[in-house]
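K.L.:
Chains as they are written, first to last, in this note's numbering: chain P, 1 to 309; chain U, 1001 to 1309.
Bear in mind the hints are in silico, worked out from the structure with no lab data behind them.
Careful: at least some of the hints might be erroneous.
Each computed DSS-like pair below joins lysine-lysine, with the alpha-carbon atoms no more than 27 Å apart [what the hints assert, rightly or not]: (1) P:Lys95 with U:Lys1287; (2) P:Lys289 with U:Lys1148; (3) U:Lys1285 with P:Lys177; (4) P:Lys148 with U:Lys1100.
Not everything, but these chain U residues come out facing chain P in the computed CB check (under 10 Å) [said to hold, decoys possible]: (5) Ile1062; (6) Arg1176; (7) Cys1179; (8) Asn1279.
Glycine residues also receive a C-beta, built at the ideal position from the N, C-alpha and C atoms.
Number of protein chains: 2
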Amino acid sequence: MSYALGIDIGGTNTKFGVVDEAGVILYQDSIVTSVYSTPHEFIDAISHSYQSHIDAEMQKKISRIGIGAPNGNYYTGNIEHAANLKWKGIIPMAKWIENKFSKPTIITNDANAAAMGEMIYGVAKGMKDFIMVTLGTGVGSGFVANGKLILGHDGFAGELGHVIAIRNGRLCGCGRKGCLETYTSATGIVITANEILMQSKEASLLREAHTITSKSIHDAALLGDRIALQIFDYTANILGQTLADAVAITSPEAIILFGGLSLAGDFILKPTQQYMDDNLLINYKGKVKILSSAFQGSDAAILGAAALQ
Amino acid sequence: MSYALGIDIGGTNTKFGVVDEAGVILYQDSIVTSVYSTPHEFIDAISHSYQSHIDAEMQKKISRIGIGAPNGNYYTGNIEHAANLKWKGIIPMAKWIENKFSKPTIITNDANAAAMGEMIYGVAKGMKDFIMVTLGTGVGSGFVANGKLILGHDGFAGELGHVIAIRNGRLCGCGRKGCLETYTSATGIVITANEILMQSKEASLLREAHTITSKSIHDAALLGDRIALQIFDYTANILGQTLADAVAITSPEAIILFGGLSLAGDFILKPTQQYMDDNLLINYKGKVKILSSAFQGSDAAILGAAALQ
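So here's chain P without its partners, still in its complex pose (with noise of 0.2 Å):
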């Protein structure tokens, strides 16, 4: 049996673990990414955790090492002016791990581990052409076909959340104009919220909470609060309208959703089915399956870095 070593590196924390073939967690850590002021230090503290609690017979039984990354390039292994990390530039952060760990490393943005982590342990095994989106403070795509990850000649496909959702809609963070981000991340949805608050004159929980948040507007949905499901319903509409464009280019067998919005369960991927399947072209009708993650937890990044291969 071989295992893997996955490691999520995240703007705020990283984690990492060894992940056996089934893809159960053997072993798992995590460290704050932000307090390492060099990637040389950041790697150090990951060895150090390695080095402490994975024993010998364990470190020789990993085969590889898979990351996941912000801006994480599968061609070139390097972290390419990561947003979200306090190190700049251009990091070969693949080639510093192999290096350190003497193991093959190979790295990929965290949408696309994600993608592989679902085929390889979750609900996508067996599947050859799917659509991962992450929803998340971003929104992340992977797009599967043929039964390999759609990288593209640069090695960044899969900017779902970059897709033009309402030609002139709101104002994203790339400086453009309606992308799918700006409705379906985090942000997005609290957006949404205060707009349809303002334009309502309903009674809604929402109009009482501190702080509007997708759990709060979950949580509100769960007692029938009809300004709550006004909002997943007008989200789900873009998301679904979007996803029915996705669908006639790649034609997947489903489409999974991870995290954020798609914690809410049915309130999201009921209306979002719906909407899609509105859309879509007759082809494709009734054959396009929105599924949840299996892996709705902090596991979840882990094992899609172990899948990469």
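Got chain P sorted already, so can you dock chain U onto it with the hints?
P.N.:
Below, chain U alone, put in the same frame as chain P:
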């Protein structure tokens, strides 16, 4: 040296030819598709031409047959419910042709065949990630990622013509509204021309034209007709915006335009490149070339079909 027989089945004509490894067409012929009331009579007619004109020596060298056909499905080998063909329902065309000619046979839709043709013999030689867009009566596309066609789980991927370019825009033959095809197909551009002519009071050569076509708009543009330029600009804007979204999904090295509008050369290529670049996410800006097909003629379809493998 091994040859391929390429068969391009169109609603009106079917062209076929023997192609060598360098993409030279050694023999070609065509028949009128629509006169054959059954697929078997149609196959017999191709076989008759084949047996009469291709000598035993050359027949022996043909190692495979590729077919491009409307709604041709790579996975099933069938032509499924093709609107432009007389033969209704599901036709196991690849199997029947394979049986008749005793050569391994595969089928796909015409745009996918065109993409393979560009990759094997044309401007996409050496590329592993590109998008082929066929602009004709309809708008088709073939997406190549990791050096392989994206077929989707059901073989129906690559319907860029039915991505929504303008939400609630023009009514499409598919029953939905605002599909790219309604703006960039042969009929789409004529509708645009008529709309612009109605809205403007400016003189134009097109006002005197009996019938407006892509070609007459191109001819007027060559003479500096400002309305003609405006028609190309409007169309390029919509095409460029839609391509920018497609780039965010597959991050191609190039987008290759074939037929119809693309025959207007720089009148359409240059503004489309400009509008696409204006609309691209910064990661992709300046990295994606818009090219014209290497085969702007009747050979393209045969080469495309012959390239299938």
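K.L.:
Now, for every hint given, state plainly whether the structure supports it.
P.N.:
These are the hints, each one checked on the structure:
For the given pair, lysine 95 of chain P sits about 26 Å from lysine 1287 of chain U by alpha-carbon distance, which is consistent with the 27 Å threshold. Annotation: proposed proximity of lysine 289 of chain P to lysine 1148 of chain U holds, straight-line Cα distance about 24 Å (limit 27 Å). Only pairs whose Cα atoms come within 27 Å are accepted, and lysine 1285 of chain U paired with lysine 177 of chain P is accepted, the gap being roughly 16 Å. For the given pair, lysine 148 of chain P sits about 35 Å from lysine 1100 of chain U by alpha-carbon distance, which is inconsistent with the 27 Å threshold.
For isoleucine 1062 of chain U, the suggested interface contact is broken, since its CB lies about 27 Å from the closest CB of chain P, more than 10 Å. The closest approach between the C-beta of arginine 1176 of chain U and any C-beta of chain P is roughly 7 Å, which is under the 10 Å cut-off, so the hint is satisfied. With a cut of 10 Å, the hint placing cysteine 1179 of chain U at the interface with chain P holds, because the nearest CB-to-CB distance is about 8 Å. At a threshold of 10 Å, the smallest CB-CB gap from asparagine 1279 of chain U to chain P is about 7 Å, leaving the interface hint in force.
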